[in-house]
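Q: Single-letter residue listing:
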Amino acid sequence: MQEHDMSWVRTEMALAQPAPPTERGAYAWVRKNLVGSVGDTILTVLGIAIVAWILPQVINWALINAQWTGPDRTVCTTASQGGIHPDGWTGACWAFVNAKFGQFMFGTYPVEERWRPILVAILFVALLVPMLIPKVPRKGLNAILLFLMLPIVAFFLLIGGVFGLPHVETSRWGGLLVTLSLSFVGIAVSLPLGVILALGRRSKMPIIKWLCVVFIETVRGIPLITVLFFASVMLPLFLPAGVTFDKFLRALIGVSLFAAAYMAEVVRGGLQAIPKGQYEGADSLGLGYWQKMGLIVLPQALKLVIPGIVNTFIGMFKDTSLVLIISMFDLLGVVKQNFADANWATPQTAKSGLVFAAFVFWLFCFGMSRYSMYTERRLDTGYKR
Amino acid sequence: MASQEILREEPSRGSFINDPKIRSLFFQTLVVVLLFASIWWIVNNVIENLQRLHIASGFQFLRNRAGFDISDTPIAYTSDATYGRALLVGLINTIIVAVAGIITATIIGFVIGIGRLSHNWLIRKICTVYVEIFRNIPPLLVIFFWYSGVLAVLPPPRESYHLPFGSFLNQRGFYFPRTIWGDGSWLILVAFIVALAMAWFVAHRARQRQMSTGQQFPVFWTSVALIVGLPVLAFLLAGMPLTFDFPKQSTFNLTGGFQIKPEFLSLYLALSCYTAAFIAEIVRAGIKGVSKGQSEAAGALGLRSGPILRLVVIPQAMRIVIPPLTSQYLNLTKNSSLAIAIGYPDLTATAGTVLNQTGQAVEGVFIMMIAYLVLSLITSAVMNVVNARMALVER
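Protein chains in written order, with the numbering used here: chain Y, 1 to 385; chain W, 1 to 395.
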């Protein structure tokens with residue numbers, strides 16, 4: 001009889017219970033991520049100490065105590081230094097950045113002509129944004145406009161001397177204008193040049209191969225400053241007497257050659273990663289060398305090395321700041337040049353100017369790296385091993 | 001006639017224009033001709049330009065009197081020394097800042113890189129913020145930030161910050177006590193070398209014993225005891241032959257002690273902070289590159305978390321880490337040329353001065369290029385040796 005009681009079978013599912021309160025919500029998250037063990041707790045306390053030490057200082061300096069506007073150095077100095085603030089005050093001098101903003105952007109480009117770089121910038125953004133959004137159609141036309149038409153239009157607009165535009169020498173260019181134009185041309189030149197060098201390095205023709213190897217390895221082995229020295233001191237010696245080169249152009253040549261060598265190594269990595277069957281398949285279809293490379297190998301290889309290419313771009317964008325050493329004034333150069341302005345000489349000037357420049361550089365580089373991560377995910381066709 | 005000739009020919013291979021061999025020969029000849037033509041043209045121009053500027057080519061200028069002062073001189077140098085000596089001082093300065101930077105950047109980089117993989121959310125975020133900030137700003141800007149933003153606004157010598165161990169920090173740099181070793185110091189050095197040898201011997205025997213009997217021996221603590229203990233013992237036996245030359249504050253300056261100038265300090269700190277961000281990413285990628293199965297298998301074999309890291313994960317991660325780490329070391333060495341922007345007399349800065357004074361542009365740039373290439377080759381060679389030791393031993 002008792003067997004009947006034993007053979008009871010449950011007919012409905014037990015209701016799912018919520019996880020115990022110690023395993024969910026903020027409490028569990030804190031326990032798992034902050035105070036998991038004794039060591040973890042010590043680290044957390046240490047981390048909180050670091051943040052509590054740095055963050056208030058930074059916020060106080062950059063926002064709360066900062067001086068946003070003002071005509072000259074008195075607004076950014078303490079009473080004993082001849083200014084308006086009580087002694088012991090430290091805060092960012094954004095008034096300096098505010099007053100010099102035009103210079104930081106355009107250098108000594110004539111004020112009444114500044115609409116020209118602004119127009120170029122608007123054109124650039126108008127062409128770049130649809131280029132970056134994958135859904136916008138007509139990529140081919142867009143690329144032609146961006147990489148062929150824009151440089152020509154920008155050249156005539158910025159330099160002038162035609163269509164009634166007054167001529168502006170490149171020595172008057174400066175600030176973000178120089179940074180962006182150097183890096184745009186550098187990017188546009190170094191990628192194709194790097195591809196050609198990489199193909200040359202993998203070429204079966206021994207002389208071409210060794211020329212490429214020697215060029216790439218030499219340039220990669222020396223600092224950019226040496227290359228810039230080379231471009232600014234030795235290029236004039238290489239040319240016949242009387243022929244002179246614009247300094248801006250010399251810097252462009254130096255930066256582009258330098259970036260091309262690094263680009264070549266990145267592209268070579270991609271070329272090596274393409275299985276041999278792809279080359280052989282192209283050969284068996286009867287494609288010639290340039291068809292094989294242009295239609296089969298390079299599209300796959302370049303896709304593989306997008307992160308590397310963008311890293312080289314970012315590196316080059318940062319490296320343009322080095323033209324300061326051959327006395328050209330990019331964003332960093334102009335900022336540094338303005339430290340010497342007696343009207344703004346305060347203990348906070350240098351820090352504020354540099355933090356502003358760092359922020360601008362950071363925005364561009366961070367943007368580029370995020371976009372490359374997005375592209376990488378988008379182009380990932382699942383062949384990754 | 002025509003048909004007979006065709007018959008006598010080899011099977012048709014198409015026009016010779018399409019023969020890859022002839023094509024490649026043609027293109028290579030073309031490149032060589034163009035190359036030699038342009039070199040000839042350039043050399044001609046250079047000779048002509050130099051004659052016009054009355055500059056003698058060649059390296060004789062290296063023996064002439066330099067006539068300029070250098071602020072940081074690790075070896076004896078006066079303005080009466082030769083240009084060659086000046087360049088040597090520059091080269092040594094480059095090496096000093098590069099080696100110091102590499103060591104510091106590696107330490108910071110490993111700490112931050114491991115921190116980015118921590119279970120601790122806060123530590124992870126702090127490390128990420130560090131990496132994302134320093135990776136995305138130019139190194140030159142970091143150098144200027146330390147130089148003009150931080151070190152230049154420190155108080156003047158009279159109001160120096162007092163730091164522990166009798167060291168000072170002010171506008172003119174960082175001062176700390178200089179050590180003066182008295183008689184009998186050689187005993188300490190000897191004890192140190194003996195300790196190293198003994199530690200190596202102990203490790204060797206311990207491994208042999210573990211191989212044959214399976215018994216372990218606390219090698220690490222024994223080695224620490226030997227390497228610390230023996231020199232300390234020698235120090236006491238020799239009668240403590242160590243005195244310090246403390247920096248002293250006088251009215252306008254600090255005297256005595258050892259001074260690190262702000263130029264060196266800002267270059268060194270900036271290069272270390274900047275490169276550390278990249279090394280951190282490399283270390284993170286290396287550790288993530290070791291598959292989880294490896295540490296799980298090690299755990300299944302009964303190893304604890306310490307030995308798992310030391311014996312299983314790190315050796316495999318190092319294989320991934322070392323090649324990109326090498327290129328970061330090379331980058332740091334090359335970035336040390338940014339010293340010219342703040343006036344630290346490294347190779348580029350001294351070569352630049354020499355180049356301006358003598359007008360020997362070709363030779364100056366040539367010396368710079370050779371020096372950096374040689375430094376790069378030496379660094380690569382050392383790292384290749386390390387890499388070979390770490391590499392997978394395959395059967």
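Be a bit skeptical, because a hint or two may be false.
[Said to hold, decoys possible] Just a few of them, taken from the derived set where beta-carbon distance is under 7 Å, the chain Y residues facing chain W: (1) Asn33; (2) Trp210; (3) Leu354; (4) Ala358.
I should point out that these hints are in silico values taken from the structure, not numbers from a laboratory.
Each residue gets a CB set at the ideal place from its N, CA and C atoms; glycine is no exception.
Q: Evaluate each hint against the coordinates.
A: Results for each hint:
no. : hint   : result
1   : Asn33  : 4 Å, holds
2   : Trp210 : 10 Å, violated
3   : Leu354 : 5 Å, holds
4   : Ala358 : 5 Å, holds
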